[in-house]
Amino acid sequence: MQKLLLLGDEAIAQGALDAGLSGIYAYPGTPSTEITEFVQNSRQAFENKVRCSWSANEKTAMEAALGMSYAGKRVMVCMKHVGLNVAADPFMNSAITGANGGMIVVAADDPSMHSSQNEQDSRFFGKFAMIPILEPANQQEAYDMVHYGFDFSEKYKIPVLMRIPTRLAHSRSGVERNTARKQNDIALPDNLRQYVLLPAYARKRYSHLLKEQVKYEEESENSQFNRYIDGDDKSRGIIVCGIAYNYLLENYPERKVPFPVLKIGQYPLPKKMIERMLSECTELLILEDGYPFVEEMIKGFLSDAGKVKGRLDGTIPRDGELNPNIVAFALGIEETKGLDIPALMVNRPPSLCSCCPHIDSFNAINEVMAPFTKGRVFSDIGCYTLGALHPFETINSCVDMGASITMAKGATDAGLVPSIAVIGDSTFSHSGMTGLLDAVNDKSPVTVFILDNKTTAMTGGQDSPCNGKIEDICKGVGVEEAHIHVIRPLKKYHKENVKIINEELAYKGVSVIIPRRECVVNINKRTREKIKKANNI
Amino acid sequence: MKRDIILAGVGGQGIISIASIIGFTALQLGLYMKQSEVHGMSQRGGNVQSNLRISDKEIASDLIPLGKADLIISVEPLESLRYLPGLCKDGWVITSTKPYVNITNYPPIDDILKEIKSLPHHIALEAETIAKAAGSVKAANIVILGAASPFLDMAFEKLENAIRFIFRKKGEEITAINLKALHAGRNFTDQNMAN
Numbered sequence: 000m001q002k003l004l005l006l007g008d009e010a011i012a013q014g015a016l017d018a019g020l021s022g023i024y025a026y027p028g029t030p031s032t033e034i035t036e037f038v039q040n041s042r043q044a045f046e047n048k049v050r051c052s053w054s055a056n057e058k059t060a061m062e063a064a065l066g067m068s069y070a071g072k073r074v075m076v077c078m079k080h081v082g083l084n085v086a087a088d089p090f091m092n093s094a095i096t097g098a099n100g101g102m103i104v105v106a107a108d109d110p111s112m113h114s115s116q117n118e119q120d121s122r123f124f125g126k127f128a129m130i131p132i133l134e135p136a137n138q139q140e141a142y143d144m145v146h147y148g149f150d151f152s153e154k155y156k157i158p159v160l161m162r163i164p165t166r167l168a169h170s171r172s173g174v175e176r177n178t179a180r181k182q183n184d185i186a187l188p189d190n191l192r193q194y195v196l197l198p199a200y201a202r203k204r205y206s207h208l209l210k211e212q213v214k215y216e217e218e219s220e221n222s223q224f225n226r227y228i229d230g231d232d233k234s235r236g237i238i239v240c241g242i243a244y245n246y247l248l249e250n251y252p253e254r255k256v257p258f259p260v261l262k263i264g265q266y267p268l269p270k271k272m273i274e275r276m277l278s279e280c281t282e283l284l285i286l287e288d289g290y291p292f293v294e295e296m297i298k299g300f301l302s303d304a305g306k307v308k309g310r311l312d313g314t315i316p317r318d319g320e321l322n323p324n325i326v327a328f329a330l331g332i333e334e335t336k337g338l339d340i341p342a343l344m345v346n347r348p349p350s351l352c353s354c355c356p357h358i359d360s361f362n363a364i365n366e367v368m369a370p371f372t373k374g375r376v377f378s379d380i381g382c383y384t385l386g387a388l389h390p391f392e393t394i395n396s397c398v399d400m401g402a403s404i405t406m407a408k409g410a411t412d413a414g415l416v417p418s419i420a421v422i423g424d425s426t427f428s429h430s431g432m433t434g435l436l437d438a439v440n441d442k443s444p445v446t447v448f449i450l451d452n453k454t455t456a457m458t459g460g461q462d463s464p465c466n467g468k469i470e471d472i473c474k475g476v477g478v479e480e481a482h483i484h485v486i487r488p489l490k491k492y493h494k495e496n497v498k499i500i501n502e503e504l505a506y507k508g509v510s511v512i513i514p515r516r517e518c519v520v521n522i523n524k525r526t527r528e529k530i531k532k533a534n535n536i
Numbered sequence: 000m001k002r003d004i005i006l007a008g009v010g011g012q013g014i015i016s017i018a019s020i021i022g023f024t025a026l027q028l029g030l031y032m033k034q035s036e037v038h039g040m041s042q043r044g045g046n047v048q049s050n051l052r053i054s055d056k057e058i059a060s061d062l063i064p065l066g067k068a069d070l071i072i073s074v075e076p077l078e079s080l081r082y083l084p085g086l087c088k089d090g091w092v093i094t095s096t097k098p099y100v101n102i103t104n105y106p107p108i109d110d111i112l113k114e115i116k117s118l119p120h121h122i123a124l125e126a127e128t129i130a131k132a133a134g135s136v137k138a139a140n141i142v143i144l145g146a147a148s149p150f151l152d153m154a155f156e157k158l159e160n161a162i163r164f165i166f167r168k169k170g171e172e173i174t175a176i177n178l179k180a181l182h183a184g185r186n187f188t189d190q191n192m193a194n
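Residue numbers (numbering that gives the first Met the number 0), protein chains in the order written: chain A, 0 to 536; chain B, 0 to 194.
Hints in this document: simulated from the structure, not taken from any laboratory.
Zero decoy hints are in this set.
No farther apart than 20 Å at their CA atoms in a straight line, the calculated lysine to aspartate or glutamate pairs in the EDC-like style are these:
no., chain 1, residue 1, chain 2, residue 2
1, A, LYS491, A, GLU517
2, B, LYS116, A, ASP339
3, A, LYS531, B, GLU172
4, A, LYS532, B, GLU171
The following label-pair restraints were derived from C-beta to C-beta distances:
no., chain 1, residue 1, chain 2, residue 2, range
5, B, ASN191, A, VAL345, 22 to 30 Å
6, A, ARG525, B, LYS113, 38 to 46 Å
7, A, ASN523, B, LYS113, 35 to 43 Å
8, B, ASN186, A, GLU295, 55 to 63 Å
9, B, LYS116, A, GLN116, 35 to 43 Å
10, B, ASN186, A, GLU282, 54 to 62 Å
11, A, VAL345, B, ASN186, 31 to 39 Å
12, B, LYS113, A, TYR506, 52 to 60 Å
13, A, HIS493, B, ASN104, 25 to 33 Å
Glycine is no exception: its CB is placed at the ideal position from the N, C-alpha and C atoms.
Whenever a hint applies, use it, and build me the whole structure from the sequences.
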């Protein structure tokens, strides 16, 4: 078959479709978004009726996936690393219930925080839940591992976690496909108590999970994705995880590493292989993108911990993603850097697009908040987080999805009145509704701005789950109708908007202001699609 | 054969289009390739870069090691200088001279051009002006691709074919403009090298 040129994300999606996927569940989040988008745009998925629209958040996505697996079908659930925090409850418990139809959870980590608020390493979550983890080194492995992962999941009736970093998610390369197989038919679990985690049943399931660990380890010892490649120079053995393998090879033009190399692509770690390397080599170098996950575990085995080199002893920087140069430095290979960056260089941070509706919202908010001391605007995650930067410097927080409303509420509880919340329409549907209910129940004097640009803009314009329902949701949660206002964020309405906001700021209860105007990037995208359609493509 | 290319610009300037044309050509020639892209937050008017690697041997890393890139292809002059530590000693910088000013502390353009002209191997051209003459300012990125084409070690006709394929969705007129832009960029470099 001819090779396809695919992003790592797309390779996972194509792998899932070819492995007999019945449904994919996700909320958009960089760098994981393109997995689900690929399925949404795939003719193969359309013809096979693969379920693929967006979920309200990662928790609802994970639970729906668990339900599809319960019914016996193969399912994938995708998220960025911090999305796994949102889905942690069903994720942790899915290890106890186990799976029925093959279930793969994909977590896309973002070391170096290209587009995230932290660089947490999802492998810890996999270990925490005690389920197997797959970590591909390249796009082809990403494709191949999905088929393998579904088979593993169905063989042991356990969800499998696949972990990829941004660099693999968003890098393209040639991928060779296998023949596609059919989806599963509906088949319920043999034991209908499998998913009932009453303490008495849950204890049995947990004890089963603990017993299965030995089998997972055995699979890891024999996996095609864990390879011991011997080398003559035993002064150093190298354990290399996922994409770091490429950076290691890059430093040897003939692709021949003189040291023994243990390439890891599947966890739990293959203990026997590691013990062999420990006994045969003088020193160990651990190359892994993300946290020193493997390094910490191996150091735990040793009385002579100084034998292990990696992020913890400073051989590799403690934070940030790996690259070929960092690996070269750790191996003592000569620096290859080119010319220095000229002294005149300046940073060019991202900024809001010209004509973006958020600009008008921030201008209005800045004006109404000017009489008060600074530091009263709690915000959230989306394009509008750029309101923290020059020239607006409007917002004072960005923590996690939905935290704007709840933090503003907490601040008013502490006596900081007025405090306001600024949240996007999609983020509101993801995690804002429950916080709004808390504020209503406490009659907190918060003014909540739901910036409605009718899309999930930052991740590339996906459908926003609460599109067309925001006012009804606010009313349903208990916000008084008189204190819900839809305004037009445009320069010509600035005065009028400021007046409405000022009135609501004075109100000693929950009010919601909805500046509504479609994202300009989205409008352009729709126009382009129209032209394409007109040209019949 | 090996070409390691750093593509540079500002989010929205079309460096991914350049990458996909070169990438498509590479695949047609049966070469290996890897291309890392920037998605997410930095696309909103921030500096963006893409590492494009092409080789007749299998490629290991998605990222080009520092000092190993053969080319920096930039659609913006300030951005052409940001990734210099990535360029090898004999490497070329091909860049547009038209500044994209979306920050208040943008350095004086004359100073930037002076830095570019002090580089041992560079091609600097007014891509937008040339693109306008070819029919559309929007084809400035293709002018830059044309100017970079002599350094790609790929037959020029193959690049033309890639443009025909990739722009087929946009109609004949836009394809013709882009082909013209590609030629105009190529001519600029050919004349520059002859002098």
